[in-house]
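> Sequence:
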Amino acid sequence: MDNLVVPMFAHVLLCTFLYMLLTFVRAPKVWGIGRNDDGSNPFDAIQSKTSANLSNQFEWSLFFHVICVVLIVKGLELQPIYIALAWVFVVGRIVHSMVQIMTSNIKLRGIVFMLNFLAVLAMWGLFVAETVVAQS
19 MDNLVVPMFA HVLLCTFLYM LLTFVRAPKV WGIGRNDDGS NPFDAIQSKT SANLSNQFEW
79 SLFFHVICVV LIVKGLELQP IYIALAWVFV VGRIVHSMVQ IMTSNIKLRG IVFMLNFLAV
139 LAMWGLFVAE TVVAQS
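FYI, the working numbering numbers position 91 of the sequence shown as 109, with every residue one higher than the one before it.
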């Protein structure tokens, strides 16, 4: 079960990086550090995207962390598919962040999000299926 802790921590590190990035891109506006000559923020284009992406990290990701904790607490024999799906989720979140912050490609962002979504849904589906079979 402890193998799930590593992808969970990787997501925490992603969120930490996004908080640091958001602090950096807000610095010209909040602290006046790095303002353009006209007083504007040179990072305005990515500041709102970074903020939105950070908020996204606390939406569907909640279900990822919950299923990981449930699997760890239950102490079930963990199938390798759970670890693989957890990494699909985390890598997908990283790619999703890059796409959302660095581009305006909503179609690609949607595709990447769907992979994240399906990975967590599959983890829940497998867990429920195993639980139902175990109770039968």
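If you're looking for bench data, these hints aren't it; they were derived computationally from the structure.
Each hint should be verified, as a subset may be incorrect.
Straight line, CA to CA, 20 Å or less: simulated SDA-like cross-link-like pairs of lysine to any residue [as the list claims (entries may be wrong)]:
1. 92 <-> 31
2. 47 <-> 62
3. 92 <-> 61
4. 67 <-> 92
5. 47 <-> 92
6. 125 <-> 106
7. 67 <-> 48
8. 67 <-> 55
9. 92 <-> 146
10. 47 <-> 61
11. 125 <-> 135
Derived DEER-like restraints, expressed as beta-carbon distance ranges [stated by the list, open to error]:
12. 123 <-> 102: 33 to 39 Å
13. 144 <-> 120: 32 to 38 Å
14. 133 <-> 92: 36 to 42 Å
15. 23 <-> 56: 43 to 49 Å
16. 76 <-> 120: 44 to 50 Å
17. 83 <-> 150: 18 to 24 Å
18. 97 <-> 37: 30 to 36 Å
19. 57 <-> 146: 54 to 60 Å
20. 116 <-> 150: 52 to 58 Å
21. 53 <-> 135: 36 to 42 Å
Just so it is clear, the structure is predicted and the values come from calculations on it, not from any experiment.
All C-beta atoms, glycine included, are put in the ideal place defined by N, C-alpha and C.
> Confirm or reject the claim that residue 123 and residue 102 have a C-beta distance inside 33 to 39 Å.
For residue 123 and residue 102 the Cβ distance comes to about 26 Å; the hint is violated.
> Please check whether residue 76 and residue 120 have a Cβ separation lying inside 44 to 50 Å.
violated (21 Å)
> Mind checking the hinted window 18 to 24 Å against the Cβ distance between residue 83 and residue 150?
With Cβ atoms ~23 Å apart, the hint holds.
> With 32 to 38 Å as the target window, see if residue 144 and residue 120 comply at their CB atoms.
holds (33 Å)
> Honestly, do residue 53 and residue 135 meet the 36 to 42 Å range at C-beta?
For residue 53 and residue 135 the Cβ distance comes to about 39 Å; the hint holds.
> Could you check the hint for me, namely that residue 23 and residue 56 are 43 to 49 Å apart, CB to CB?
holds (48 Å)
> Check the hint pairing residue 92 with residue 61 against an upper bound of 20 Å on the C-alpha distance.
violated (45 Å)
> Just to be careful, I want the Cα atoms of residue 125 and residue 106 compared with a cutoff of 20 Å; is the pair within it?
Between residue 125 and residue 106 the Cα gap is close to 19 Å, so the pair holds against 20 Å.
> Straight-line Cα separation of residue 47 and residue 92 no greater than 20 Å?
The hint is violated at about 47 Å.
> Holds or violated: the 54 to 60 Å window for the beta-carbon distance between residue 57 and residue 146?
Since the Cβ atoms of residue 57 and residue 146 sit about 55 Å apart, the hinted range of 54 to 60 Å holds.
> Using the beta carbons of residue 133 and residue 92, state whether their distance is inside 36 to 42 Å or not.
Given range 36 to 42 Å: violated, Cβ gap about 26 Å.
> With a cut-off of 20 Å on the C-alpha distance, tell me whether residue 125 and residue 135 pass.
Holds, at roughly 15 Å.
Comparing the model with each numbered hint stated earlier shows that hints 1, 3, 4, 5, 8, 12, 14, 16 and 20 do not hold.
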